[in-house]
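S.K.: Each chain, written out:
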Amino acid sequence: MSEEKFYEEFEVFSRKKDGLALEHKFSLLAPNREMAFVMAKENFFRREPIKELWVVKRSEIRMMGQEEREGFKKLDNKHYRETKGYTDLPKKWKKFQEKAK
Amino acid sequence: MVTVRFSELTEEEKYNHFMERIENDEKIEADDWMPDEYRNALIKLISSHGISEIMGALPEKEWVPKAPTINRKLSIMAKVQDEMGHGQLLLRVNEDLIKPLGRNRENVMNDLFTKKLKFHNVFHMPSPTWADAAIIAWLVDGAAILTQTMMLKTSYGPYGRALKRICQEESFHAKHGESLTLALASGTSNQKQMLQESLNRWWESLLMFFGPKSKKDIGSSSVDINIKYKLRTKTNEQLRQEFLTKYVPKIKLLGLTIPDETLRFDEEKEEWIYREPDWKKFKQVVSGNGPKSEERIALRRDSYKNNEWVRNALAAYHQKNRVFAG
Amino acid sequence: MTKDNKYISELIYQLADDNFIHSYRGSEWLGLAPHIEEDVAFSSINQDTMGHASMYFELLETLGEGSVDELSHNRKPKDFRNAIILEEANGSGTYLDQPEYDWAFTVIRHLFFGVLKEIRLESLNQSSYEPLIHTSRKIQTEQYYHLMHWKTWFTQLMLSTQEARDKMEQAISRVWRDFGGVISLGKYGKEISDLKLIASEDELRSEWLRRIHQIFDQVGFSIEGNPGMEQGNGRNGEHTEDLTSALNILSEVYHSDIDAVTW
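Chains as they are written, first to last, in the working numbering: chain P, 1 to 101; chain L, 1 to 326; chain R, 1 to 263.
Chain P with its partners taken away, still in its complex shape (with noise of 0.2 Å):
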């Protein structure tokens, strides 16, 4: 029989402690994907604690192409979304503390 199913690919998640977010860490081989979490441990935590780990098979996630990768570009018009949109506000509040004086 072909090992072909053996060799399934699975990429690994981890949060290293509390308070921070998910990483990508890498991939290993496994049949399945409870194998893939007894192996993952070992083969990317020898040496770091961590909280929490994660495997998921890669035909499972929606990966980029290049073509979106270099495609997914933003103009740098959007002030409006953060804080540097609205560096107008000191002064204004200026306004009001003189006038109440």
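Rather than coming from a laboratory, the hints here were simulated on the basis of the structure. Mixed in with the good hints, there may be bad ones.
Said to hold, decoys possible - Per label pair, the in silico range of CB-to-CB distance:
hint	chain 1	residue 1	chain 2	residue 2	range
1	P	L20	L	K252	29 to 37 Å
2	P	P49	L	E23	13 to 21 Å
3	R	E130	L	K305	46 to 54 Å
4	L	Q238	R	G93	41 to 49 Å
5	L	F6	R	F216	53 to 61 Å
To be verified - Straight-line alpha carbon distances no greater than 27 Å define the calculated DSS-like cross-link-like pairs of lysine-lysine that follow:
hint	chain 1	residue 1	chain 2	residue 2
6	P	K57	L	K164
7	P	K25	L	K230
8	L	K292	L	K118
9	P	K73	L	K230
10	R	K187	P	K17
11	P	K5	L	K283
12	P	K5	L	K230
13	P	K5	L	K99
14	P	K5	L	K44
In this text, a Cβ means the ideal position worked out from N, Cα and C, and glycines have one as well.
Fit chains L and R to the known structure of chain P by using the hints.
M.R.: Then chains L and R, alone, in the frame of chain P:
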């Protein structure tokens, strides 16, 4: 930069776009368009690097249970385990590169067994004493750290990420090797002699490790292509010189004699002069005709075949439990 | 040495030697496991287990039995107290020359040992000898993963191909024949449990059987009776040629230079 519609580009435009990214120090990812020459250079480099880690576990493996104290047993076990782990990382990087060619890990293993896939010269050599465990961990790993650090900035993203993990662990290996070496160098006359004999055994192989100076030594070299695509930044000779600068003074400080009476630092040329290794021998060794090549390949092949039933069984378990295991 | 101390060290030798030899047999697989990822995972378990042996040897050191490295490298086979099934070779050949190692045997031996180790640790948590309480609590933290690892292997291989099922069942009967030796507390077993150093052999056995049968149930397997001790009782210094050759390898370098002070 304008959005690139890949489907509409000619091959030449794709190539130019690719080279522009290389020039801009962008990182290439596994499913990016890449010229065949780049893919093939990566496959050659990384499959050989990965399988060298796996085969590199074998000369030291002998000394894992034999290590003379419990702490040494633990540290060498951890070190050899890391080599296997590095092999895992690199094989994974390589597997994503060979996947579009319809190949997987099984093919890579078979290439090793049929000697199509070559591994580093040092791992074809015998390691008959405990001192070899020390010299390998100190100097072979020391040499490997230099080449791997040089490639950290490689243009291929997945390789760079794997190397980052590897280099972090290599710093433990260097300490482990230093610790073994220092213990022997400050030990009994038997221990010192064992260390000296091991250095004698490994010296030429260590110089060979970096590869020949130029093409003419062994007839072919991929260094130029690797530099062109920013896979690496230094030549074999530059790395060898760095190695000598870093380790020759330390080796001498331990009271060891380097088995090359012609070795000296030329102040004028600012480079080490050393006896040229026998490159014919090098070529023979890496082709799988070294003193331990057959034995070590057989060890790996037999264990792979012997455990085939396990992989077949779990492949079947996966099929049976598809609905649940996903 | 007081009489109590004799029984205390007798028990700790059993714990230390079991872990030491078991770890050694596991470490022989390094580089030879069925899958590279598994090779790495398995090696961590062996390192942990060797670390546990080392902690028990340290307890013996404080009891004046000798240094950790003397205890692990400079005793005769007859002084070892490990169970015989744990010293048994992984298969034919050696770890360097034509190893025909049996993965089914390894999975079963590790699972059986892991389940018993968990039970022993739980019992040692209540030991009348306080240092054993501290040590067992530390060791317990690593045991969870070990058991999960071997249970996963056991379940999947038992529920896969007929070939694997046959090999696994063969391995079960092979380990079953001698696993009684791991449960045994040796000729001082009564004194050891009377001192409340650890639960009695009978209690350990019935709890082990309960947990093993639970695991067997999940894969539709059953077996009758108690595990045996066909090759003798390692707790009483009875051993096979496999232990002698293992100890020769483990102490080869240690003995190679008797004047050496540091390694």
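S.K.: Take the hints in turn and mark each one as holding or not.
M.R.: How the hints compare with the structure:
| no. | hint | result |
| --- | --- | --- |
| 1 | P/L20 to L/K252: 29 to 37 Å | violated, 47 Å |
| 2 | P/P49 to L/E23: 13 to 21 Å | violated, 41 Å |
| 3 | R/E130 to L/K305: 46 to 54 Å | holds, 51 Å |
| 4 | L/Q238 to R/G93: 41 to 49 Å | holds, 44 Å |
| 5 | L/F6 to R/F216: 53 to 61 Å | holds, 56 Å |
| 6 | P/K57 to L/K164 | holds, 24 Å |
| 7 | P/K25 to L/K230 | holds, 24 Å |
| 8 | L/K292 to L/K118 | holds, 14 Å |
| 9 | P/K73 to L/K230 | holds, 26 Å |
| 10 | R/K187 to P/K17 | violated, 48 Å |
| 11 | P/K5 to L/K283 | violated, 37 Å |
| 12 | P/K5 to L/K230 | violated, 36 Å |
| 13 | P/K5 to L/K99 | holds, 14 Å |
| 14 | P/K5 to L/K44 | holds, 26 Å |
Checked against the numbered hints above, the structure breaks hints 1, 2, 10, 11 and 12 and satisfies the rest.
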